[in-house]
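For reference, the chains in residue letters:
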Amino acid sequence: MNHHKFAFIICTNNDTYLSECLHYLESLIVPDGYEIECLTIRGAASMAAGYNEGMSATDAKYKIYMHQDVFIVNPHFLKDTLAIFSSDASIGMIGMVGYPVISKTGFMWHEKRVGANPLYGVKHAYPHADYTDYRYSLNDGLSDAALLDGFLLMTAYDLPWNEVELTGWDFYDAFQSMEFLLHGYRVVAPAQTLPWCIHDDGKWVSMWNYNKYRQLFLQKYDKYLGLHYSSIRPH
Amino acid sequence: MFHQEIYDAEIDTLQKDKQPCFLLYQRIQKHVDTCLQASTYERLLELLPYFTDSQAYPYFHHSGDTQRIFNMCNFLQLELKYHKTPIVSVAASYADFLNLYLTIVFALRRLELAFSPSSIEEAASFLLSIPLNVYAAHIILNNELFENYERVYWDLYHCMKNIWPISDQILWLSFLLEKEELPYVRQEVNTLKELLP
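Chains A and B, in that order, give the protein sequences. So for the first sequence, our numbering puts the first residue at 289; every next one is plus one. So for the second sequence, our numbering puts the first residue at 19; every next one is plus one.
Since the hints were made in silico from the structure, they are not lab data. Everything numeric in this text was worked out from a predicted model, so none of it was measured. All the pointers check out, no bait thrown in.
Partial pick of chain B residues on the chain A-facing surface, computed with a CB cut under 10 Å:
1. I29
2. L32
3. K36
4. N117
5. L120
6. V123
7. F124
8. R127
9. A132
10. S134
11. E165
12. N166
13. R169
List of simulated lysine to aspartate or glutamate pairs, EDC-like, C-alpha gap at most 20 Å:
14. A:K293 x A:D376
15. A:K293 x A:E325
16. A:K500 x A:E451
17. A:K367 x A:D320
18. A:K367 x A:D418
19. B:K36 x B:D83
20. A:K500 x B:D35
21. B:K179 x B:E212
22. A:K508 x B:D26
23. A:K500 x B:E23
24. B:K211 x B:E196
25. B:K197 x B:E168
26. B:K179 x B:E139
27. A:K500 x B:D26
28. B:K197 x A:D418
29. A:K392 x B:D30
30. A:K500 x B:D30
31. A:K392 x B:E23
32. A:K293 x A:D320
33. A:K392 x B:D26
34. B:K102 x B:D186
35. A:K367 x A:E323
36. A:K349 x A:E323
37. B:K48 x B:D83
38. A:K400 x A:D428
39. A:K367 x A:E325
Glycine included, each C-beta is placed from N, C-alpha and C at the ideal position.
Take these sequences, add in the hints, and give me the full structure.
Here is the structure:
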């Protein structure tokens with residue numbers, strides 16, 4: 289395991305998105321002594337299967353699993369996330385948007401969210417985004433969550449993605465969040481006074497197969513529904 | 019429990035609609051392909067009822083691809099009305115169109131975020147290589163994820179200054195002034211107005 293390496297793992301099926309995604313990755317400032325690699329997975333059978341393939345193909349300690357339509361716009365993203373992981377070894381996974389309570393409906397966004405300002409898809413006025421002087425500090429805030437949104441998930445430990453049950457493109461994030469929590473790790477979302485990423489999903493929520501995996505989640509984690517993260521993570 | 023039932027019903031509807039929705043989507047794609055291949059751009063406007071009709075399929079407004087077709091129809095109407103070269107004229111298929119649309123969005127975003135001179139230069143070079151007009155740019159900007167309108171409107175203005183006619187430059191900056199009153203932009207508009215014949 290290389291403790292001074294970041295791996296970006298991206299399942300892709302669209303070169304236009306991927307190329308733009310990589311453009312932003314190339315602009316990131318890499319902390320001194322660290323290296324990065326980008327693994328793009330084409331033709332994955334599912335998100336979980338693609339992410340497992342990426343996980344096994346790299347020796348990087350820090351893995352950033354992200355959608356091809358996510359553009360990291362905080363140039364200090366790597367340094368900032370490293371500071372978060374370094375602040376507490378029990379932090380297992382970082383997301384940009386999190387939910388402290390598990391929704392009884394299975395729709396994570398039915399609960400109050402933490403992390404990013406409402407900047408993902410919601411236009412806001414001043415101050416305009418300008419990253420020239422922006423630096424994240426732990427004092428800005430770091431919220432624990434029960435579930436993290438999967439458009440970007442960064443891990444410091446490897447837990448396999450559930451590719452046996454999750455054969456599609458939904459709910460891998462909720463399942464993985466639960467696994468990290470149940471293994472005793474914290475899953476967290478930093479407060480972002482400026483957005484760290486743009487999730488350019490064209491405002492499209494692809495729900496066609498969502499219900500199948502939602503039902504699976506509701507069954508599998510039935511006893512945790514409606515609970516706060518603090519009641520789930522073993523201490 | 020009440021909310022749970024509503025959401026379950028919504029999901030059930032979505033599941034039932036899956037097949038007819040895809041069939042309809044395929045029909046729209048085919049129509050776009052046909053029109054772009056034959057350069058019959060006016061016929062693309064026949065797609066508008068798919069979005070605006072009272073019986074229109076509601077989920078088309080939640081789909082990135084279909085919403086982008088709707089945006090295209092909206093700016094195409096204006097392009098045809100004001101005799102501009104339709105931006106879609108550089109696309110030969112539905113796939114081409116989506117690729118073009120996304121690349122415009124990405125280029126505008128590079129102007130907005132201004133991360134590096136090479137990033138801006140690449141974006142500007144692309145935007146200058148296509149028949150981008152004020153109508154398409156304005157509609158795209160206002161229907162995609164942007165937030166620093168001041169920067170992107172102002173920078174695109176400078177990028178297209180030698181391409182767009184003065185009346186279009188004034189219109190473009192007026193779009194920005196509608197969003198926020200900026201004295202330097204107002205001053206620029208006044209200067210441009212003096213250049214009008």
